[in-house]
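> The chain contents come next:
Protein chains: 2
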Amino acid sequence: MTTTISERELEFLLYEFLDTEALLQRPRYAEHSREVFDATLATARRIAEERFAPYLRQGDEQEPSFVDGRAEVMAPNGPAWRALAEAGFLNAHWDADEGGLQLPEVVLRAAMSAFYAANVGIASYAMLTIGAANLLRTFGTPALKDRYLEAMGDGRHAGTMALTEPGQGSALGDIKTTAVPQADGSYRLFGQKMFISGGDQNFTGNIVHMVLARIQDAPAGVKGISLFLVPKVLPGEQGAAGVRNDVALAGLLHKMGWRATTSTVLSFGEAGGAVGWLVGREHQGLAHMFQMMNEARIGVGVMAACIAWRGYAESLAYARERPQGRLPSCKDPLSPQVKLVAHADVRRLLLAQKVYAEGSLALCLYACSLFEDQHSHPQPQARADARRLLDVLTPVVKSWPARYGATSNDMAIQVLGGAGYTRDYPLEQLYRDQRLNMIHEGAEAIQGIDLLGRKVVMDDGAALRLFVETVHRDRALASEAGLADEAAALGAALDCLTATTAVLTERLRNDPDLALANATVYLDVFGRIAAGWIWLQQGRVAALALEGASAGRADHYRGKLQAMRYFFRWELPQTQAQCELLTRLDRSALDMQDDWFV
Amino acid sequence: MTTTISERELEFLLYEFLDTEALLQRPRYAEHSREVFDATLATARRIAEERFAPYLRQGDEQEPSFVDGRAEVMAPNGPAWRALAEAGFLNAHWDADEGGLQLPEVVLRAAMSAFYAANVGIASYAMLTIGAANLLRTFGTPALKDRYLEAMGDGRHAGTMALTEPGQGSALGDIKTTAVPQADGSYRLFGQKMFISGGDQNFTGNIVHMVLARIQDAPAGVKGISLFLVPKVLPGEQGAAGVRNDVALAGLLHKMGWRATTSTVLSFGEAGGAVGWLVGREHQGLAHMFQMMNEARIGVGVMAACIAWRGYAESLAYARERPQGRLPSCKDPLSPQVKLVAHADVRRLLLAQKVYAEGSLALCLYACSLFEDQHSHPQPQARADARRLLDVLTPVVKSWPARYGATSNDMAIQVLGGAGYTRDYPLEQLYRDQRLNMIHEGAEAIQGIDLLGRKVVMDDGAALRLFVETVHRDRALASEAGLADEAAALGAALDCLTATTAVLTERLRNDPDLALANATVYLDVFGRIAAGWIWLQQGRVAALALEGASAGRADHYRGKLQAMRYFFRWELPQTQAQCELLTRLDRSALDMQDDWFV
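If you're matching them up, the sequences are chains A and B in order.
For the first sequence, our numbering begins at 1 and goes up steadily by one.
For the second sequence, our numbering begins at 1 and goes up steadily by one.
If chains are identical, the list can't say which one is meant, so a pair holds when it fits in one copy or spans any two.
Below, a list of computed lysine-lysine pairs in the DSS-like style, where the Cα atoms sit at most 25 Å apart:
no.: 1; residue 1: Lys223; residue 2: Lys176
no.: 2; residue 1: Lys176; residue 2: Lys331
no.: 3; residue 1: Lys223; residue 2: Lys339
no.: 4; residue 1: Lys331; residue 2: Lys223
no.: 5; residue 1: Lys176; residue 2: Lys339
It is worth saying that the hints were derived from the structure and are not from the lab.
Bear in mind the structure is a predicted one, so any value in this text is a computation, not a measurement.
Full structure from sequences and hints, please.
Structural data, given as structure tokens:
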């Protein structure tokens, strides 16, 4: 068993489901080749298996500790981080003139999947650092970039996003951290941030915090928030060693899982003010930060897909080895035991995991290809469309893999039964690690409100229309490939979603509380339809390629087709009852009164 | 917040939803009164809050350790056990001439809920001991009972059930532990048992293992299994101190949760043979053991309900305290934050938890009332009916609370967001503890096959017919109480289940592998309909009692009605797509081939 996404699966997703080779036609990638892409994937896989996978359990058991005001993490974090950085995975997507390799986003995200599947607790530092560096690349002044970007690209510095505060949770408009302007153009920050992943550790010389704060006397709410770069260590004068900035580690949070990543409480300005510099424009901080949040939301989707995939692979390996009982049709108690995988319910648990894990990864890599198109597609209209489609899909890409990744990891435990509940196998840890994905980077409820309250209504519904058109186009292609039944079922579900959306958005104008009351269900319906669309495309590719395929490839294609069928028989039909509930503008939760609970 | 099921909720379930006071008319309970029942509940609550609840986290962090071949558990286990035993909770259901108080099963199970909600890891030793003692009461010889029963009733001895072996898992027909007859009528046992909960600990002087084993030269399969009592410590001669039996603790299993209960590997007969005595008849061991398994399955349902209820209460308390953001209709960023509980999606998460937790507990206590009727109802037909109904419901009572208890505890975490993922709150532990309930005492797949393959077809479908008749009778009553819409919806779902069952049982005769392939879905549909029935009855009681109720009671009734409505709007409609899938005899999982997975 491999601890990373299988080579064949990534090959299928990048080169058959997506047409990643077509990127080679774009000027930015003219120097590359498929061989370069594949070598990138292979390098990530090798490092993940050597430096990440062996420490999955250790990262869980040897939780970061608070020592003399600093966070100490387990020793293997450092070498893993350096191997990843030295292989260029922090900056390979940068332009050549920035010091990067100009590799496509989608190839890099596919490569990063190896780290997430092997050990997400170590890998998430990289995800955050890449996002923070991208923010600096987009909005930073040349001087700030000169000072920090190179070190964030080669792994000497790590990066974080510091948004949440103890008293505010998901409502960013209520953050209180204050930035006081200084005569030299810098700021001094005062306040406390909570749940800051990677907020401290002991394997990089510096940490660059991207902090949301309110400039003194700024307007209330989200319109008064600005973005600041606040380093853990300030540059020394005239090349001298750096000095600690006034950013204190106030505490470590002890989590259920994902323990190799520190989760911190940071205090800014307890000793005179933390030095920071404005990134981008005053009071535009939240809009700027959304670049990193959106990247991180896709990142969460990828991580959720990878944890689900790992659980799938682990439980499949067990089910193939372990003898257990006999089929219901066998009445001879002396006949040999069959393997677990022979039992129908175990197959269901494995097939559903395949559907969730591979469907999630395909959805996420599709989103990465949109990100790619948004930035490098030669046609302006295609760039605009990609941006619009990615906008509406981002809450789905964040949520569907997280929700069904959790279901998937639950099923992985169930395949093993009692053994799956013990720490002798990694399934229980994957289950715990996965659970964070429904929470961080915007909890499920936030994503639902973002989707229904913002994304589907923006630009007079243009993004939703584009999504619907795109799905209908792909349905037609699938029909031609012999998948008419599934294409028709998806069409019906999509029509249902469209009609439901019309009812909800109409109500949104005069009663947003009611319209958004069941937004989480709306998110689930949308996600299920998006996943059906993704599976239909995978099925189409498999159906067309099956004939004439080698035996091994044919099995892989048959698996894809069976997984697609499972989705259309088991998952998609559930959207009907959900749409009916939404269309009725169900008030059950909204009308429940606090005093009526226990 | 209380750490045990609220007094009002138990009052509602025992005296309004069920008619527990009617039991006082039966000769066995003639000496009792409602005051005695209530005092029993109050005693359990007091002990649970004093001796169990404070050690929930400690039981998780201070896992049992293997010391010199013995299991050492955290210190608070002992005093908690003794307080529970001294208050009579191990034997209060025994007849007076056995040394018991002749308390009704349903009252005791309701009382035990306090221990499960407060700290299931400590409380489960009691559940196992009660079941093992009941087995001895039913099937043991007078000599064996004389030797062990009193000590199991007063807590000097604990009890276990020892079924599973390392190589066999759920297929009991494959167990290999052997019992060799001795001249004195005893046996020597040889073999290894795994996942034995409470298999060793250091707070009782002895542990009575109820062990399934195969008498030398017994027939293969389940028909060659016998039941033995094998104590950890053998009686000394002539009143001398006991000597260790040849039962060795081979190891402790390290679980994801439920850690205050030891999970052990036991080796029998490594030094000449473990002394044991036959309980019941030769080769009838599995049938005998089913008494304990069935009790344990109801016990798992109760425990799952209680863990769900605790999560509900904890997340509700948090949601009422914590300020967070504003409603979608509020556009003023300077307005005060509202409490979490004001947000529609948080209310959904709380209302759904109420539905799952209270619905589960009501279902389980209803099952306990059937157990009660089976044994103490004055009319033979009513006893037979209760037995039959309990038979068909047992897999549902075991599974629905476990499955939706897990969903419920997942929602409890989500209410708290990032805080729920930390060990600063008990939600993450409850989520981990709860996960075991889908596995132990027969995993979900086993329950599905038991329900569809055995229970609904036994006696030519008599139990299913009885279930259907009972639900229709209760539907009519609910209709009269003004709940006609819900009663009609439940009727339609029940008709759908009946038709689906006919298709499946017809196919069972000639193609059991296909008929049972989706038995887990069948279990889920059955469970959802049973839960709908239970909620309809709770709703009926609330509807009738609402008028003229005091303000506090009226709120409780309104909550029950709203929870019922939620169930009928959100949960019951999902049965339709599931029945369609089942009626189609869907082959998706069955047809999936091993080679088609990754």
